[in-house]
Amino acid sequence: MNKEIEKLLFNPIRLKTISFLMTVETCNFKALLEITDSTKGNLSIQLKKLNEAGLIKIEKYFQKSYPTTDYSITKKGKSSFEEFYKQLISYKKVK
Amino acid sequence: MTKQEQLNIINDAIKQTKINLKPLGFNLIFWSMVIISMSLFHYFFPKIVQYSYYSALIYWVSIPLLGMIYTTYYNIKSGIKIGYETQLDRVIRIIWAVFGLAWIFTVGISLLYNVNPVQDILFLLGIVLIMTGLIIKFHNITIGGIGLLIFTVYTYYNPGLNLLLVNVIGISFGMLIPGLSLYFQKENE
Chain A
1 MNKEIEKLLF NPIRLKTISF LMTVETCNFK ALLEITDSTK GNLSIQLKKL NEAGLIKIEK
61 YFQKSYPTTD YSITKKGKSS FEEFYKQLIS YKKVK
Chain B
96 MTKQEQLNII NDAIKQTKIN LKPLGFNLIF WSMVIISMSL FHYFFPKIVQ YSYYSALIYW
156 VSIPLLGMIY TTYYNIKSGI KIGYETQLDR VIRIIWAVFG LAWIFTVGIS LLYNVNPVQD
216 ILFLLGIVLI MTGLIIKFHN ITIGGIGLLI FTVYTYYNPG LNLLLVNVIG ISFGMLIPGL
276 SLYFQKENE
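As given, the protein sequences belong to chains A and B, one line each in that order. So in my numbering the end of the first sequence lands on 95, straight run, no missing numbers. So in my numbering the end of the second sequence lands on 284, straight run, no missing numbers.
Hints are computed from structural coordinates only; laboratory data are not their basis. Glycine is no exception: its CB is placed at the ideal position from the N, C-alpha and C atoms. Treat the hints with caution; some may be incorrect.
Residues of chain A placed beyond 10 Å of chain B at every Cβ, according to the derived structure [as the list claims (entries may be wrong)]:
{"id": "1", "residue": "Lys-16"}
{"id": "2", "residue": "Val-24"}
{"id": "3", "residue": "Ser-79"}
{"id": "4", "residue": "Tyr-91"}
In the SDA-like style, the derived pairs of lysine to any residue whose C-alpha atoms are separated by at most 25 Å in a straight line are [claimed, not checked]:
{"id": "5", "chain 1": "B", "residue 1": "Lys-113", "chain 2": "B", "residue 2": "Thr-201"}
{"id": "6", "chain 1": "A", "residue 1": "Lys-86", "chain 2": "B", "residue 2": "Leu-271"}
{"id": "7", "chain 1": "A", "residue 1": "Lys-76", "chain 2": "A", "residue 2": "Gln-63"}
{"id": "8", "chain 1": "A", "residue 1": "Lys-75", "chain 2": "A", "residue 2": "Ser-65"}
{"id": "9", "chain 1": "A", "residue 1": "Lys-57", "chain 2": "A", "residue 2": "Glu-34"}
{"id": "10", "chain 1": "B", "residue 1": "Lys-117", "chain 2": "B", "residue 2": "Leu-260"}
{"id": "11", "chain 1": "B", "residue 1": "Lys-110", "chain 2": "A", "residue 2": "Leu-33"}
{"id": "12", "chain 1": "B", "residue 1": "Lys-117", "chain 2": "A", "residue 2": "Ala-31"}
{"id": "13", "chain 1": "A", "residue 1": "Lys-75", "chain 2": "A", "residue 2": "Glu-52"}
{"id": "14", "chain 1": "B", "residue 1": "Lys-176", "chain 2": "A", "residue 2": "Gly-41"}
{"id": "15", "chain 1": "B", "residue 1": "Lys-110", "chain 2": "A", "residue 2": "Pro-67"}
{"id": "16", "chain 1": "A", "residue 1": "Lys-3", "chain 2": "B", "residue 2": "Ile-104"}
{"id": "17", "chain 1": "A", "residue 1": "Lys-30", "chain 2": "B", "residue 2": "Lys-232"}
{"id": "18", "chain 1": "B", "residue 1": "Lys-113", "chain 2": "A", "residue 2": "Lys-3"}
{"id": "19", "chain 1": "A", "residue 1": "Lys-40", "chain 2": "B", "residue 2": "Lys-117"}
{"id": "20", "chain 1": "B", "residue 1": "Lys-232", "chain 2": "A", "residue 2": "Gly-41"}
{"id": "21", "chain 1": "A", "residue 1": "Lys-76", "chain 2": "B", "residue 2": "Thr-181"}
{"id": "22", "chain 1": "A", "residue 1": "Lys-60", "chain 2": "B", "residue 2": "Asn-170"}
{"id": "23", "chain 1": "A", "residue 1": "Lys-30", "chain 2": "B", "residue 2": "Leu-271"}
{"id": "24", "chain 1": "B", "residue 1": "Lys-172", "chain 2": "A", "residue 2": "Asp-37"}
{"id": "25", "chain 1": "A", "residue 1": "Lys-7", "chain 2": "A", "residue 2": "Ser-65"}
{"id": "26", "chain 1": "A", "residue 1": "Lys-40", "chain 2": "B", "residue 2": "Lys-232"}
{"id": "27", "chain 1": "A", "residue 1": "Lys-30", "chain 2": "B", "residue 2": "Val-186"}
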């Protein structure tokens, strides 16, 4: 497994975000704030890191003249998470 | 953070995805009320609705179109409030959008050939309700759809029936009652 990805998902906020995005099509910032139970500033930084790594996609648009941002997981994000999860499960079995 | 803690985080995050079926219940109730009210108004005041050759057409096309605009606005608003869309939400949204297009197409065809579209629309609605009920695993909607389908087939063999009353009965049992039971049920996880 890619060490970079493993390091990235070691952060609980990033791991919560990726896990939640695995179960939904799209999600807005407000919902992610509730799910991750973090602050706006911290979440923004973690989302930016996930986006830079190509694990999530960020789409910005205007809805009723208000700026809105949608987040979704990318193909790379899905495969990375699946690999990461498999590793965690195999570790549990070995233990 | 240990491996077990990581697994716990993943499980907790996945468990937080709730499928909110209240907006679907609202849509079913809203459309049932619109169609039933329109049918009853048409039935009791035919002179007003059929005032001219095009008045009934305007009545049956303009009000549902306004309803479509309102429900689209409501669905966008409730989507923003919930904050996320699951794969299931997307499937349901696509199915009903296709039904909306099929409704427009059926009304257009019925105008061209000068036939009443009520039975075709009810038949289509019955199929979409069955699909929806099976997908969200809500038996009342599936049963409502099956009932509506059987009722529509019955009307094909009894051409003398008043199609406005057919609309009222079919929609009441096939969509309104299942919609109410979906809207007032406890939230699913």
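Please write out, lowest number first, the hints stated earlier that are contradicted by the structure. 1, 2, 4, 5, 6, 7, 8, 10, 15, 17, 18, 19, 20, 23, 25 and 26
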